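Based on these hints, arrange chain B on the given structure of chain A.
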Amino acid sequence: MIKDENVYKELESIVGQKNISTKEADRIAYGRDAFPLKIMQYRLPSILKQPLPDYIVWVESVDQISNILKLANERKIPVIPYGGGAGVNGGIVPLTGGITIDLKKLKRIELHEESNYILCQAGVLGQHLENFLNTKGYTLGHLPSSLTTSSIGGFVATRSAGALSSLYGSIENMVLDLEVVLPNGQIVHTNPSRVPRKATGPNFNELFIGSEGTFGIVTDACLKIKRNPDIREFAGFLFPTLVAGLKAIRHIMNLGIRPSIIRLYEAVEGRMVYHIEDIEKDQSYLTLSFDGFNETKELIEYQKKICTDICLKEGAQDMGDEGGKIWFKNRLNMYYPNPDWIKMNVLADTIDVVTTYDNLENLFYKMKEAMQSKKVNIMAHWSHFYPEGGSMYLIFVMLEKDTEEDQKASNLYQETWRKGLKACLENGGSISHHHGIGIFRGGFMEQELGSGIYDLLKGIKAYLDPNGIMNPGKLGL
Amino acid sequence: MSEKKQFSREIRLRLEMCSTCMKMCRDNCPTAIASSSESFTPYIRSLNVVLNEKEIRTYDEGSLESIFSCLTCNLCNSFCLPKVDEEDLMKLARASIVESGIDVSKYSRIGERISEYHNPLQEAHQKRRDSFQDLIGEKNESETLLFLGCMGSYREIEIARASIELLHKLNIEFTIMQDEWCCGSPAIQTGFLDQAHETMNHNVSEWKKRGIKQIITPCSACYRTIKSSYPKHIADFNFNVQHIIEVINSQIAMAQLNEFPLKVTYHDPCHLGRGMGVYDAPRELLNKIPHISLLEMDHSREEGFCCGSGGGVRANFPDLSKTVGLLRLDEANRINAEYLISACPLCKYHFKDLQNAENLKILDIVELLNQLLIV
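Residue numbers (the numbering used here), protein chains in the order written: chain A, 240 to 716; chain B, 147 to 521.
With the rest of the complex left out, here is chain A (with noise of 0.2 Å):
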């Protein structure tokens, strides 16, 4: 079915006939990403009422993409830029219909070894650029746990950061440039010499990253490259208590040492990850990773046993490299589906955020105290560390199943959000550290941000994008 023969027609001579489909079977499958919720609503009747792109159009060119939104601005019709679609959001679920543009044709990577970075098109995944520049002896240092299925306009797009941020930066700490197309068609750099740093006013690099499409469409990436390490060690220790965990861990980053890896588990989660029965009910446990090359090998060694040394002083337990190795290696099998899950109906969710030190223990107590229930089981993580505060991962696991007369699990699992990100914020956290806003969030945006600044999110907006056609009900707006 064509909902308008003329916007069809003026696509299809923008992009050729083999570039467009409007079949419903294309538009299922355009119509999530992997939103655990959209995921378990697909299994339902209710996928036939779920809201879906009008259009899938692939683009080759970035002039193609350029083209397109006039005409959608022109017809006021929405548009949703699709990478992986490997979000946990539903950043591209077509609320309102639309065209999706599809990104994954572009394709283009430029390396430029003299300066340490990379030309990359949005649509290459992020496993493919990483597979690429590890046979050239470099790494984006990026590895976040969708990397085989996410793209680089993705990870620009969220603001992502990956299990290596600690060390290597999150997305944001990698661009040098951006190639944007702007709501009215046309195309931007926002540092066209892709300098490291100037003092020319406001990076704009800034105003594009974590946007989620709803400002303009990422359309190639320069991004920092650095050398692939030769060596990585991994340390594990296992603290009395959460406290004693984070304290060794802003003790490591005020040194100014950098672990590639950090992440503290909390007792549930610990015991799940490290498959060690006995980490009893107070007590967490921290992986630590140091990159290095061979030619840095003792500086390895010798930050790995100064962190050693704070480690112990907390009165943790020296727990060897194993956990580590293991986590790192099996680190995706957590995202495949689990048989006995399915069976069983269970929904699970992570709710990413991010505090100061001083509040971390504090907020992940308020939030888990907020959202569990009968039903609904509570665990958590810290990674993502800087010198000020980390990263927070409660995870939610629930049992209930939705039917077509009872949404009990939908209802379950958006309760629940709204009472975790409720949480957060009456308790000074910040509502998403990496994943974005995507659906559920933007209604927590104006709280989060404040009115001001909400109200000059919203100034931007109109400003870029006066007919409102970018990726509708996104990012809060």
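Calculated directly from the structure, the hints in this document are not laboratory data. Bear in mind the structure is a predicted one, so any value in this text is a computation, not a measurement. Yeah, the Cβ is synthetic: ideal placement off N, Cα and C, and Gly gets one too. Fair warning: there could be bad hints in the mix.
[As the list claims (entries may be wrong)] Now the in silico label distances, taken between C-beta atoms and shown as ranges: (1) B:K229 to A:L695: 49 to 55 Å; (2) A:K640 to B:N384: 46 to 52 Å; (3) B:L440 to A:V434: 44 to 50 Å; (4) B:I303 to A:E353: 48 to 54 Å; (5) A:S252 to B:L267: 37 to 43 Å; (6) B:E449 to A:E411: 31 to 37 Å; (7) B:E449 to A:A587: 25 to 31 Å; (8) A:H351 to B:L408: 58 to 64 Å; (9) B:Q268 to A:S354: 54 to 60 Å; (10) A:V434 to B:L408: 43 to 49 Å; (11) B:Q517 to A:H351: 50 to 56 Å.
[Stated by the list, open to error] Computed footprint of chain A on chain B; a stretch qualifies when at least three of its residues, placed anywhere within it, have a C-beta under 8 Å from a C-beta of chain A: (12) 159-166; (13) 177-186; (14) 219-229; (15) 325-339.
Frame of chain A, contents of chain B only:
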């Protein structure tokens, strides 16, 4: 249309797992990479089957296209923790679609072609032996059968001839059927099980009449089908089935081969590699060649990339098939290989069809060994 049959609980669970996955295999699925489309990914293919199975949404053009565009290479399974076995799921889905009477002629006509021509290539059956008759003469009494397959008989004649010559040189006695039909693989892969069973029954009946005990084939698809699928369909299947690589690997020593001082890479055919777990024998054989430089591509063995021609995709989705094949050839070019060696006539035929760089030559392993074997 016949009455709708439900898949077993176990199959439904595998479909559910695949369709609810966070897309963990997508960076490796050849059709997902080549098409850039979500619809050509394992999880959306499974979703389309789930929706039909649950009677939420019946098959239509889009979902059939998604299901029939699968190469059935099962590369996704190498990256699937719960091992849902997408190849098996797609074969089951296709068989159930065909059985239910849905018109799939737009996506595959292999069933009717095998019935009519006894090969999927629409070639005259009576000409099946024409291209190698001069090498075998009229004799042929042996308990060992050389099964050349449709591609060997009609398209990759060089492989058929090299196989015959190689076995002759190694003094291995064999016969070739007067009335060989397609092994049935293309019909199994695309869901035409009645036609697959018809051709299997014919072949086995002929073998029994001739007192065949052992079957050797240079085709990976024939090998897998005869060794693995025939016993599931034919109760008293009692034949020793070997790929020609396995036979000659035990017969050829390094001293018998001329040197080949060139850079060679081996492409694992999906049927032989992931399908049957044969990864070492071809590499052992190639390494027996003096001065050969055997290089591995980025993806090999369990993670070997598909040539792009399997599952009926070459015939019915030619652009997609071509793009996948070119991605594989790029891998060979990236390591500066001078020869790409396969062990499947369909892989070789497809690569040769796409090959446009003169610096990379495509050969089947039996052709190379036949050239190098010192008699």
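Exercise. Can the suggested window of 37 to 43 Å be confirmed for the beta-carbon pair S252 (chain A) and L267 (chain B)?
Worked result: holds (39 Å)
Exercise. Taking the beta carbons of V434 (chain A) and L408 (chain B), is their distance inside 43 to 49 Å?
Worked result: Since V434 (chain A) and L408 (chain B) have Cβ atoms about 47 Å apart, the given range 43 to 49 Å holds.
Exercise. For the stretch 159-166 of chain B, do three or more residues have a beta carbon lying closer than 8 Å to a beta carbon of chain A?
Worked result: Three-residue rule met by the stretch 159-166 of chain B, so holds; n is 6.
Problem set entry | Supplied distance hint 44 to 50 Å, evaluated on CB atoms of L440 (chain B) and V434 (chain A) | For L440 (chain B) and V434 (chain A) the Cβ distance comes to about 46 Å; the hint holds.
Exercise. Does the stretch 219-229 of chain B contain three or more residues whose Cβ lies closer than 8 Å to a Cβ of chain A?
Worked result: holds (count 4)
Exercise. Counting residues of the stretch 177-186 of chain B whose CB is closer than 8 Å to a CB in chain A, do you get three or more?
Worked result: With 4 residues in contact (Cβ-Cβ under 8 Å with chain A), the coverage given for the stretch 177-186 of chain B holds.
Exercise. Are 3 or more residues of the stretch 325-339 of chain B near chain A, judged by a Cβ distance of less than 8 Å?
Worked result: It is violated, with 0 qualifying residues against the three required.
Problem set entry | Consistency of beta-carbon spacing, E353 (chain A) to I303 (chain B), with hint 48 to 54 Å | About 52 Å separates the Cβ atoms of I303 (chain B) and E353 (chain A), which means 48 to 54 Å holds.
Problem set entry | K229 (chain B) paired with L695 (chain A), Cβ distance criterion 49 to 55 Å | The hint (49 to 55 Å, Cβ to Cβ) holds, given that K229 (chain B) and L695 (chain A) are roughly 51 Å apart.
Exercise. CB of H351 (chain A) to CB of L408 (chain B), is that within 58 to 64 Å?
Worked result: The hinted range 58 to 64 Å is violated for H351 (chain A) and L408 (chain B), with Cβ atoms some 34 Å apart.
Problem set entry | Consistency of beta-carbon spacing, E411 (chain A) to E449 (chain B), with hint 31 to 37 Å | holds (33 Å)
Exercise. Okay, E449 (chain B) versus A587 (chain A) on CB: inside 25 to 31 Å?
Worked result: holds (29 Å)
Consistency with the previously given hints fails for numbers 8, 11, 15, ordered from lowest to highest.
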